[in-house]
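J.: Listed below are the residues making up each chain.
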Amino acid sequence: MRWLSLALLTTCLIRATNAPAAAQGLSGARQLLAELQVESASDRAADQLRVLAQRDPEARQFLAEQLPTLIEKVHGPAWLNAVHLTGDLKIVEAVPVLAELLRDPLTKGGATNFGMALRLGDDPPGRALADIGEPATEAVGALLVDQDRFKRWRAALVLGNINSAHADQLLELRLSHEDDPAVRAQIQSLLGERRKAKAP
Amino acid sequence: MSVTNNGYGGNSFAPAQGGNPQNGNATITTSGTGPTAKLTIKFMGTQSSGDNLSFTNANAAECTNNLGLQTCNVSIPGEWLWNIEGTAIVSDNDSNWTVTQNLVSGRLAGNTKNSNGTLVPFDTALTPDTDTLTSGINLQQTAGQTSIYWIDGPGQFEVVSSNPVDSVKMVQNFTTQFCSTVQSDDCYTISWYVKIVVDPGANLDRLQSWAALGSTNANF
Chain R
102 MRWLSLALLT TCLIRATNAP AAAQGLSGAR QLLAELQVES ASDRAADQLR VLAQRDPEAR
162 QFLAEQLPTL IEKVHGPAWL NAVHLTGDLK IVEAVPVLAE LLRDPLTKGG ATNFGMALRL
222 GDDPPGRALA DIGEPATEAV GALLVDQDRF KRWRAALVLG NINSAHADQL LELRLSHEDD
282 PAVRAQIQSL LGERRKAKAP
Chain V
25 MSVTNNGYGG NSFAPAQGGN PQNGNATITT SGTGPTAKLT IKFMGTQSSG DNLSFTNANA
85 AECTNNLGLQ TCNVSIPGEW LWNIEGTAIV SDNDSNWTVT QNLVSGRLAG NTKNSNGTLV
145 PFDTALTPDT DTLTSGINLQ QTAGQTSIYW IDGPGQFEVV SSNPVDSVKM VQNFTTQFCS
205 TVQSDDCYTI SWYVKIVVDP GANLDRLQSW AALGSTNANF
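Residue numbers (the working numbering), protein chains in the order written: chain R, 102 to 301; chain V, 25 to 244.
Note that these hints are calculated values from the structure, not bench results.
Some clues are possibly wrong.
[Unchecked claim] Computed list of lysine-lysine pairs in DSBU-like fashion (alpha-carbon distance at most 35 Å, straight line):
1. Lys252/R - Lys137/V
2. Lys191/R - Lys299/R
3. Lys62/V - Lys299/R
4. Lys174/R - Lys252/R
5. Lys191/R - Lys297/R
6. Lys137/V - Lys297/R
7. Lys252/R - Lys299/R
8. Lys297/R - Lys252/R
9. Lys174/R - Lys191/R
10. Lys137/V - Lys191/R
11. Lys174/R - Lys137/V
12. Lys191/R - Lys252/R
Modelling step: build the complete structure from the supplied sequences, incorporating the hints.
T.: Okay, here's the thing in C-alpha cells:
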C-alpha cells in the first residue's frame with residue numbers, strides 16, 4: 102500500500118513537472134518571451150502569450166513594450182510569431198516597426214494564392230497592421246504614394262483589410278492619381294466590394 | 025509520367041497520371057433537373073478567348089498571363105506559382121450562379137537559410153479557408169452570358185519567415201463550387217490541386233511540381 106502511494110505521488114510529481122504550467126503575470130510573460138525566441142518552443146510560447154496577455158493587463162503592457170524591439174532583432178519562427186502577436190493583441194505601439202517592415206518586400210512570404218493575398222495571409226506585417234486597424238491607417242497610407250508599385254499595392258491591400266471609413270478615404274484619394282493597372286484594379290475592386298456590402 | 029512513390033510518403037499523385045497536367049471536366053457532386061454547369065480547369069497553355077481576366081492585374085507579383093508553372097521575379101521576393109484558369113459553361117445565365125472557392129488543405133515544408141548560412145527547417149499546415157474570388161479581379165461573371173471564368177495563381181514565395189527558401193514542397197488542395205440561385209441544392213463542384221517542389225539551392229523542380237484535378241496528399 103505504501104509502495105502504491107509512493108508510486109502515485111511520484112507519477113503526480115512527474116506530470117506536474119512536465120505539464121506546461123499556466124504562465125502567470127509579468128514573470129510568466131518574461132519567461133514565455135524568452136521561449137518565443139527558441140525555435141523549438143516558439144509556437145507554443147506564442148499561443149501561451151496570446152492567452153496570458155488577453156487576461157493580464159500587466160503582461161500585455163510588457164509585450165507592448167518588448168515586441169516592437171524584438172521584431173527588429175529576431176528572424177525565422179520567432180520573428181513570425183512576434184509579428185502575429187502584435188496583430189492578435191492589437192498592439193498599437195508596434196505600428197511604426199510594422200509599417201517599416203511593410204517597406205521591406207522580404208517580409209512577405211510562405212504559401213500564397215489570390216484569395217490569401219487579398220486577405221494578407223502571405224503578408225505577416227500587413228496582416229498585423231490590418232488587425233491593429235484604424236491606429237495603423239496613417240502609417241500605412243503614407244506608403245500609397247511610394248514610387249514602388251509593389252509597396253503601393255501592398256499598402257492598398259492593408260488599407261482594404263482595415264476596412265474603416267478613413268482607410269477607404271485614403272484609397273479613394275489615391276485612385277485619382279494611381280496609374281499602375283494592378284494597383285488601380287485592386288483599389289477599384291476593394292472600394293467596389295465595400296460599396297456593394299453597404300448597399301441596402 | 026507515372027509517379028508511384030516520389031519520396032513524400034507514397035502515391036501522392038494518384039489522381040492524375042501522365043506526361044502533363046490534365047485539363048479536366050467537373051466532379052459533379054449534386055445534380056438535378058435544374059440548370060447545369062459544366063466545369064473545366066486549364067492548367068497549361070493560354071487563357072480562353074472569352075476570358076478577359078488578367079493575372080498581372082489580379083496580383084502584382086504575377087509576371088505573365090500564361091497558364092502553368094512560373095517563376096516570377098517581377099517583385100521581391102520572387103514567387104514560384106502555377107497559373108490556372110477555370111471555366112463554367114452554364115445552361116442559363118451567368119448571373120444565376122454563385123461561386124465559392126475554398127482552400128481545403130495544404131502544407132509547406134522545407135528549409136530556409138538564415139544569415140549564417142545555416143538551414144532552418146519549417147513545416148506549416150495551411151489553414152482551410154475561403155480563397156476569395158473577386159469579380160473583376162479573378163472572376164469574370166457577366167449577366168446575359170453563359171461562360172464564367174476564374175483565375176488563380178497558387179504558389180510559394182522565395183522567402184519564409186523573412187529568410188530565403190533553400191528547398192520547399194508545397195501543396196494546396198482546392199474546391200470550386202457553383203450553385204444555382206434559381207434552384208436550391210443545384211450545385212457543381214470541381215476539386216483541383218497545385219504542388220510545387222523546389223530542390224535544395226532554390227531550384228524549381230519542374231518534374232516533381234504538378235497541378236491537376238482531384239486532390240493530393242498533404243502529409244508528405
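J.: Now tell me if each hint is right for this structure.
T.: Consistency of the hints with the structure:
1. Lys252/R - Lys137/V: Measuring from Cα to Cα gives roughly 25 Å; hence the hint holds.
2. Lys191/R - Lys299/R: holds (26 Å)
3. Lys62/V - Lys299/R: holds (33 Å)
4. Lys174/R - Lys252/R: The hint holds at about 23 Å.
5. Lys191/R - Lys297/R: With Cα atoms ~28 Å apart, Lys191/R and Lys297/R stay inside 35 Å; holds.
6. Lys137/V - Lys297/R: Cα-Cα ~44 Å, so violated.
7. Lys252/R - Lys299/R: holds (28 Å)
8. Lys297/R - Lys252/R: Distance ~26 Å between Lys297/R and Lys252/R Cα, so the pair holds.
9. Lys174/R - Lys191/R: Within the cut-off at roughly 20 Å; holds.
10. Lys137/V - Lys191/R: The hint holds at about 30 Å.
11. Lys174/R - Lys137/V: Holds, at about 17 Å.
12. Lys191/R - Lys252/R: holds (23 Å)
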